[in-house]
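Q: Here's the letter readout for the chains.
There are 2 protein chains.
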Amino acid sequence: MKALIFDAFGTTVDWRGSMIRHTARFGLPEETADLWREQYQPQLETVRSGRRPWVNLDVLHRIGLDIVLDELGNDLPERYRRTLVKAWHRLDPWPDVVEGLTQLKETHIIAPCSNGHIAQSVNLAKYAGLPWDAILGAELARAYKPDPLVYRASADALGLDYDEVCMVAAHNDDLHAARAAGLRTAFVPRPTEDTEPTSDWDIVAPTFKELAR
Amino acid sequence: MKALIFDAFGTTVDWRGSMIRHTARFGLPEETADLWREQYQPQLETVRSGRRPWVNLDVLHRIGLDIVLDELGNDLPERYRRTLVKAWHRLDPWPDVVEGLTQLKETHIIAPCSNGHIAQSVNLAKYAGLPWDAILGAELARAYKPDPLVYRASADALGLDYDEVCMVAAHNDDLHAARAAGLRTAFVPRPTEDTEPTSDWDIVAPTFKELAR
Numbered sequence: 001m002k003a004l005i006f007d008a009f010g011t012t013v014d015w016r017g018s019m020i021r022h023t024a025r026f027g028l029p030e031e032t033a034d035l036w037r038e039q040y041q042p043q044l045e046t047v048r049s050g051r052r053p054w055v056n057l058d059v060l061h062r063i064g065l066d067i068v069l070d071e072l073g074n075d076l077p078e079r080y081r082r083t084l085v086k087a088w089h090r091l092d093p094w095p096d097v098v099e100g101l102t103q104l105k106e107t108h109i110i111a112p113c114s115n116g117h118i119a120q121s122v123n124l125a126k127y128a129g130l131p132w133d134a135i136l137g138a139e140l141a142r143a144y145k146p147d148p149l150v151y152r153a154s155a156d157a158l159g160l161d162y163d164e165v166c167m168v169a170a171h172n173d174d175l176h177a178a179r180a181a182g183l184r185t186a187f188v189p190r191p192t193e194d195t196e197p198t199s200d201w202d203i204v205a206p207t208f209k210e211l212a213r
Numbered sequence: 001m002k003a004l005i006f007d008a009f010g011t012t013v014d015w016r017g018s019m020i021r022h023t024a025r026f027g028l029p030e031e032t033a034d035l036w037r038e039q040y041q042p043q044l045e046t047v048r049s050g051r052r053p054w055v056n057l058d059v060l061h062r063i064g065l066d067i068v069l070d071e072l073g074n075d076l077p078e079r080y081r082r083t084l085v086k087a088w089h090r091l092d093p094w095p096d097v098v099e100g101l102t103q104l105k106e107t108h109i110i111a112p113c114s115n116g117h118i119a120q121s122v123n124l125a126k127y128a129g130l131p132w133d134a135i136l137g138a139e140l141a142r143a144y145k146p147d148p149l150v151y152r153a154s155a156d157a158l159g160l161d162y163d164e165v166c167m168v169a170a171h172n173d174d175l176h177a178a179r180a181a182g183l184r185t186a187f188v189p190r191p192t193e194d195t196e197p198t199s200d201w202d203i204v205a206p207t208f209k210e211l212a213r
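Sequences listed follow chains A and B, in order. Taking the numbering used here, the leading residue of the first sequence gets 1, the next gets one more, and so forth. Taking the numbering used here, the leading residue of the second sequence gets 1, the next gets one more, and so forth.
Because the hints were derived from the structure by calculation, they are not lab data. Even for Gly, the Cβ is constructed at its ideal location relative to N, Cα and C. Some hints could be false.
What the hints assert, rightly or not - A partial selection of chain A residues facing chain B, derived with a Cβ cut-off under 7 Å:
1. Leu35
2. Ala119
3. Val122
4. Gly129
5. Asp133
6. Ala134
7. Ile135
8. Leu158
9. Gly159
Claimed, not checked - PhoX-like cross-link-like pairs, simulated, lysine-lysine; straight-line CA separation at most 20 Å:
10. B:Lys105 x B:Lys2
11. A:Lys86 x B:Lys2
12. A:Lys86 x A:Lys126
13. A:Lys209 x A:Lys2
14. B:Lys209 x B:Lys2
15. B:Lys126 x A:Lys105
16. A:Lys105 x A:Lys126
17. B:Lys86 x B:Lys126
18. A:Lys126 x B:Lys2
19. A:Lys126 x B:Lys105
20. B:Lys105 x A:Lys105
21. B:Lys86 x B:Lys105
22. A:Lys2 x B:Lys86
23. A:Lys2 x A:Lys105
24. B:Lys86 x B:Lys2
25. B:Lys126 x A:Lys2
26. A:Lys126 x B:Lys126
27. A:Lys209 x A:Lys105
Unchecked claim - Some chain A residues well away from chain B (every beta-carbon gap over 12 Å; in silico):
28. Pro42
29. Arg52
30. Asp92
31. Ile118
32. Gln120
33. Lys126
34. Pro197
35. Ser199
36. Lys209
My request is simple: use the sequences and hints to build the entire structure.
A: Okay, structure coming up:
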């Protein structure tokens, strides 16, 4: 195993706690974060199904936000909507992440394999202090997980065989797709995501720090 | 200026001193490094001109090496040729680079914008301790500098306007192309590359450490 690639939202960063805080700043009710996230898979699916050409996650987040605000009857001004979309570039890491990644980086290549685009992943890394070696993921493949293209494009970009790369996620479905694409798999539970592994993943670790050990 | 993107070969790393050392390990004469590098632009040009579809720099380096060894009448075995191509993933940084980049990273996004592919740039960063925020450059655009697509794809990937990104190089021709593509420019002289700026670049600095100041 030469590289570990990581899911971002939920696995590396606490999207939910962070977005509750960000949306509260604009006077939006606490359920806004969850309602917005409920738009995530349906909007990704518009691209995965081919109904929409590949657009980045800022575009899809904006479409989802407009739907949610419409449902809430909220006429938040345009400039605040744009600021809120960019709030997905500023999410807090889980407390074990920076130390765990720093340890893993000593012996492995580490990179995000997120549905976030390169700019979002870079800004998130700068904000959260994530010491990635490279930024991989959806934009390289112009596809969205769980499309196998995303996992394979990330391994290909590193010049590695699929089984030399391990996908790390707090989502069993992400790992099922990574395994089907030929990658190795590591499950890390998170309180807001999947809390139990549902398959015999190559590694199950309670935190990134344990993963490094 | 929000991001600085860097040429690799000659600007960030001492390709020449490193490759003289690498080739000497295989008993090759000292001129091998320079002869090999002379194949660099002609091989890139096969892609830039459209005569060859985009292939990564390992492929082009291998073609160039075979030509040089043929000229030298050297029948170096296949496995050593493969090792030598990968030696371009292990080049020493100039002495000011790691400290300068570490300082620049505190206030800016930093990334390579090299004709090296992602795997080569990642391996080089691991070997040389280069603290990049992302890996940009030729592979993102599937084109080779000085094609304007390479500079623009790097800025686009960061979600930045072209004039928010500064290209850093020890090659005046690289900076002419970056400026023509809309980027800002910084010249850092290197003893084996261009030693003097030939235009009014936005910044001229003797080292990466001075650039950070």
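Q: If you check each hint against the structure, which ones fail?
A: Violated hints: 1, 4, 21, 24, 31, 32 and 33; rest satisfied.
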